[in-house]
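Engineer: So the chains spell out like this:
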Amino acid sequence: MSKFTEDDLKKELETKEYEYGFYTDIESDTFPVGLNEDVVRAISAKKNEPQWMTDWRVDAFRIWSEMEEPEWANVNYDKPDFQAISYYSAPKKADPNKTLNDVDPELLATFEKLGISLDEQKKLSGVAVDVVVDSVSVATTFKKTLSEKGIIFCSISEAIQEHPELVKKYIGSIVPKTDNFYAALNSAVFTDGSFCYIPKGVRCPMELSTYFRINQGGTGQFERTLLVADQGSYVSYLEGCTAPSRDENQLHAAVVELIALDDAEIKYSTVQNWFPGSKEGKGGVFNFVTKRGLCETNAKISWTQVETGSAVTWKYPSCILKGANSVGEFYSIAVTNNFQQADTGTKMIHLGKNSKSTIISKGISAGKSQNSYRGLVQISPRAENARNFSQCDSLLMGNECGAHTFPYIEAKNKSAIIEHEATTSKIGEDQIFYCNQRGIDTEKAIALIVNGFSKEVLNKLPMEFAVEAQKLLEISLEGSVG
Amino acid sequence: MELKEKLVSSFLAFEANVDTTSPIHDIRIEALKSFEAYGFPTKKLEAWKYTSLNSVIKNDFSIFPKKEVALEFKDVKKYFISDLDSYKIVFIDGVYSSHLSETTHDKIDVCLMSSALSQNRFKPVIDVYYNTVAKEDGMTALNTAFAKEGAYIYIPKNTAADKPIQVIHFSTGVDGAAMLQPRNLIVCEDNSEVTIIERHQNLSDKKVFTNSVTEMYTGNNAHIDYYKIQNDTDASSLVDNTFTEQHSNSVCSVHTFAFGGEITRNNLNFYQKGQGIDSILNGVTILEGKTHVDHNTLVEHQEPNCESHQDYKGIFDEKSTGVFNGKIIVEQEAQKTNAFQSNNNILLSDKATVNSKPQLEIFADDVKCSHGCTIGQLDESALFYMRSRGIATKEAKALLMYAFANNVLESVKIPQLKTRINKIIADKLGVNIGFDL
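Protein chains in written order, with the numbering used here: chain G, 12 to 493; chain C, 108 to 544.
There may be inaccurate statements among the hints.
What the hints assert, rightly or not - Restraint-style ranges between C-beta atoms, simulated for each label pair:
hint : chain 1 : residue 1 : chain 2 : residue 2 : range
1    : G       : MET78     : C       : ALA267    : 57 to 63 Å
2    : G       : ASN410    : C       : LYS380    : 15 to 21 Å
3    : C       : LYS501    : G       : GLN442    : 48 to 54 Å
4    : C       : THR500    : G       : ASP441    : 45 to 51 Å
5    : G       : LYS57     : C       : LEU152    : 41 to 47 Å
6    : C       : GLY146    : G       : TRP83     : 19 to 25 Å
7    : G       : ASN410    : C       : SER225    : 47 to 53 Å
8    : G       : TRP83     : C       : HIS132    : 37 to 43 Å
9    : G       : GLU79     : C       : ASP133    : 20 to 26 Å
10   : G       : ASP441    : C       : PRO130    : 51 to 57 Å
11   : G       : GLU467    : C       : THR211    : 57 to 63 Å
Stated by the list, open to error - Taking lysine to any residue pairs in the SDA-like style, the calculated list, with each CA pair at most 25 Å apart, reads:
hint : chain 1 : residue 1 : chain 2 : residue 2
12   : C       : LYS475    : G       : GLU440
13   : C       : LYS156    : G       : LEU362
14   : C       : LYS156    : G       : ARG393
15   : C       : LYS150    : G       : GLU77
16   : G       : LYS57     : G       : LYS160
17   : C       : LYS458    : G       : LYS180
18   : C       : LYS443    : C       : ASN327
19   : C       : LYS151    : G       : GLU79
20   : G       : LYS437    : C       : ASP385
21   : G       : LYS367    : C       : GLY479
22   : G       : LYS437    : C       : LYS475
23   : C       : LYS434    : G       : THR369
24   : C       : LYS150    : G       : LEU387
25   : C       : LYS270    : C       : ILE521
26   : G       : LYS367    : G       : ASN470
27   : C       : LYS397    : C       : GLU243
Stated by the list, open to error - Quick partial rundown of chain C residues pointing at chain G, CB under 8 Å, derived from the structure:
hint : residue
28   : VAL461
29   : LYS464
30   : THR481
Derived by calculation from the structure, the hints in this document are not laboratory data. Here the structure is a predicted model, which means the values were calculated and not measured. From the three backbone atoms N, C-alpha and C, an ideal C-beta is built for every residue, glycine too.
Here chain G stands alone, though its shape is the one from the complex (with noise of 0.2 Å):
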């Protein structure tokens, strides 16, 4: 076998092509572009909403048209525009009544090129998918022992019709219409997303999970994530999105909120690995995302994330620690190649006393790609005892990317302890020497040490879904990746 050196590792990373650009020809109800108020009202009379779910909308859209987009993240990208984006798509024949037989069997075979065909998954894996092609769900499984259990598990337009009290009593309390302006945003416009609701106690059996795939061609997708645990409850949910080639630059701006009341644990994981764009910089997926969740009295929540895809990312999954004793955890992987930015990170608010927090953070960049993490960690006067730690590490691969840290660390309280560290480097020559002596080519040793870098954060994947992680990562580090 020749040999495998960094050389070749850059340049099989800037000559890869997305795996998974492929389009899926599904006839869909697609609204014409633009957005007014009108549009607002008649994607929430389409979804059959009741009056507060339009009055929210309305207001959110009426917030929204009077703010200004940010400006201040560390990522360049032409501004997309908002009147030429159809709000509503779609696949025409979806079925209320929503058996896996009378899904679209396109559909279908575009998940088993995924490799997520839901009847293997179904009967192996035992993971519950809400499938969401193009803001619908068209397909949610094992329902029934979920129901079981009192778990609601379903897509949020359903929830609004069946459980508008939950609904109406958590939307939007951890992440305001106000909060900014891709929230507002999709505070408007939201076609779908998931909706679930853990009982007390009850420990849910199974990975919940939602495959997010953007479909239709020039249509932003806006889902709208509400995850509530209640106390003494426990739940993992994992969400992965791949996204077809396309020239045109899509918007994602989703919302995804998390509530963990007393004694509650969440575990939320995503795989996203939308199109990144030509590797000449052309196009992709502007993933614009706004992630937060609250932890009551001690409640724990761990955000687990493995970004590969997306021209843009900008996203923050942060945690509020209410309460006392709450848990906040944050593990990313990020990796850039070609012209990808990322600008990535999370905030920890620590508001309980003995709250606690944890960071992980990895950044890989390549090719002509820019990764920044961007993190918050405050510790309010009140928390006392408060701990944090953060550890932010970036890998530079060639001499045209790079990597860019930005931590924002505030105390007020005198107990809190508070630590933050962060390094970049390439892969040393001495490592992968050290490697070679002892007859380790180089492929392996880079192998070996990419691996390394990133073990600490895939190890917190699910086993279901680390498999995933794995061959999504292979994308941008094949040849790396063991």
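With chain G fixed as given, assemble chain C onto it according to the hints.
Structural biologist: Just chain C now, kept in the frame of chain G:
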């Protein structure tokens, strides 16, 4: 009237007292325009996120000193490192005091900015270096517009300054609240060496707002050691803008000892323009009361094989606020860079605040860059250990704090200065122990 308008409108009066025909004045006019455009920095600027000058600029400052005040050396002796043989450049309310100063033109030039700007023999140096290192922002532009006095230090090639230089700015408050804008230029040509100690001291309880700009040029193999002692009264605010340009194999270290002042903002910028450069930025901050200190550092690595070391320690009590905003930029060409940044803080009170933002921006791959930041408390078990051996709590705490800051204090190369800083720290901590254990 707002301070900004007052400053802009007083420029005419300022012009009456300076040589408006010199090229320096063109620079001033340009700078005034920039200041009009920038204004005073606000919290909306990312670099000023944690520091607001509003409480300072709302005061009605007198911009030009009206009366000249003479000070007796015995009255201000304690502010000098008097047991150190040194050159001295002393200003009282922004006006040079020949009585207290000791300057030289023997081999090296240690004198006044006003003479350097007006006399022809300094022209070659001024033309090449003046206002070239400073980068423009609101506060720097403001200083440039009104610059006429400050320290001028020129060390020619292959020369080492024979003794350290003390630069001291006194303010007396005879005109009420005063705004001072000293402008310093330090040029160290190839293979030269100099040590400088700088201090700002308010002698009254009147408000003082100092907006200082120091430009440092460090030639090939040159060596600058710069010590800033900021132990001013609670009525004093300081915005210190220091810009350093370094060339190959030079070493420049700036040590900032911030112990007081209403609002102190240090903008410390290093631009590395050569190889084999070492930049050292050290700081010890010990605060109590309602004081606020903001260290804003920038190190720009532009060429390969350079190093930078930043070490900032802070201890914050009562309602004090500490800010550290450090930025390391490694340009694409700057391969083999080693850049380190460390910021450690101890919070002693629940009303004290620490905001830290250690940033890395890296565009080169073959580098070793790291930063670390910690916020914590004194070690309870260490305190207990000492108390169980008969050391009182206060002394035990003082010892721990001293130990915490020690590796920065160790880097002070002048023994007399080190003793002085130790004494200031002992006074601040209210203990009577010599730390030279």
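Engineer: Compare the structure with each hint and give your call.
Structural biologist: Hints versus structure:
1. Look at G:MET78 against C:ALA267: about 60 Å separates their beta carbons, and that is inside 57 to 63 Å.
2. Distance hint check: the CB atoms of G:ASN410 and C:LYS380 are about 20 Å apart, consistent with the given range 15 to 21 Å.
3. Against the hinted window of 48 to 54 Å, the Cβ-Cβ separation of C:LYS501 and G:GLN442 comes to about 49 Å, which satisfies the hint.
4. A hinted range of 45 to 51 Å holds for the C-beta pair C:THR500 and G:ASP441, which are about 48 Å apart.
5. Restraint check, G:LYS57 to C:LEU152: a C-beta distance of roughly 45 Å satisfies the suggested window 41 to 47 Å.
6. The hinted range of 19 to 25 Å is satisfied by C:GLY146 and G:TRP83, whose Cβ atoms lie roughly 20 Å apart.
7. A beta carbon spacing of about 48 Å between G:ASN410 and C:SER225 agrees with the range 47 to 53 Å that was offered as a hint.
8. In this structure the supplied range 37 to 43 Å holds for G:TRP83 paired with C:HIS132, their Cβ-Cβ distance being about 38 Å.
9. At about 38 Å, the CB distance of G:GLU79 to C:ASP133 disagrees with the hint of 20 to 26 Å.
10. Between G:ASP441 and C:PRO130 the beta carbons are some 53 Å apart, a value that agrees with the proposed interval 51 to 57 Å.
11. Hint check: G:GLU467 to C:THR211, Cβ distance near 60 Å, so the stated range 57 to 63 Å holds.
12. Taking the CA atoms of C:LYS475 and G:GLU440, the gap is about 13 Å. The hint holds against a cut of 25 Å.
13. Note on C:LYS156 and G:LEU362: the hinted pairing holds, with a Cα-Cα distance of about 21 Å set against a maximum of 25 Å.
14. Between C:LYS156 and G:ARG393, the direct Cα distance comes to roughly 22 Å. Compliance with the 25 Å bound is thereby established for this hinted pair.
15. Proximity of C:LYS150 to G:GLU77 is assessed by CA-CA distance (about 23 Å); at most 25 Å being required, the pair is judged to hold.
16. With a C-alpha separation of about 32 Å, the suggested pairing of G:LYS57 with G:LYS160 is violated against the 25 Å cut-off.
17. For the hint pairing C:LYS458 with G:LYS180, the CA-to-CA distance comes to about 36 Å; that exceeds 25 Å, so the pair is violated.
18. For a cut-off of 25 Å, the pair hint linking C:LYS443 to C:ASN327 stands: about 19 Å separates their Cα positions.
19. With a C-alpha separation of about 15 Å, the suggested pair C:LYS151 and G:GLU79 falls inside the 25 Å cut-off, and the hint holds.
20. A distance of roughly 22 Å separates the Cα atoms of G:LYS437 and C:ASP385; the hinted pair therefore holds under the 25 Å criterion.
21. A C-alpha spacing of about 19 Å is found between G:LYS367 and C:GLY479, which places the hinted pair at or below 25 Å, so the restraint holds.
22. A hinted pair counts as satisfied when its Cα atoms are at most 25 Å apart, and G:LYS437 with C:LYS475 qualifies at roughly 8 Å.
23. The hinted pair formed by C:LYS434 and G:THR369 meets the criterion: a straight-line CA distance of about 23 Å does not exceed 25 Å.
24. Our distance criterion of 25 Å between C-alpha atoms is met by C:LYS150 and G:LEU387, whose separation comes to about 17 Å.
25. Only pairs whose Cα atoms come within 25 Å are accepted, and C:LYS270 paired with C:ILE521 is accepted, the gap being roughly 11 Å.
26. Using a Cα cut-off of 25 Å, the hinted pair G:LYS367 and G:ASN470 holds, with the two alpha carbons roughly 20 Å apart.
27. At roughly 30 Å between alpha-carbon atoms, C:LYS397 and C:GLU243 are farther apart than 25 Å, so this suggested pair is violated.
28. For C:VAL461, the interface hint holds, since its Cβ comes within 8 Å of a Cβ in chain G; the closest pair sits about 5 Å apart.
29. For C:LYS464, the interface hint holds, the least distance from its beta-carbon to any beta-carbon of chain G being 5 Å, beneath 8 Å.
30. Proximity of C:THR481 to chain G holds as hinted, the smallest CB-CB distance being about 5 Å (cut-off 8 Å).
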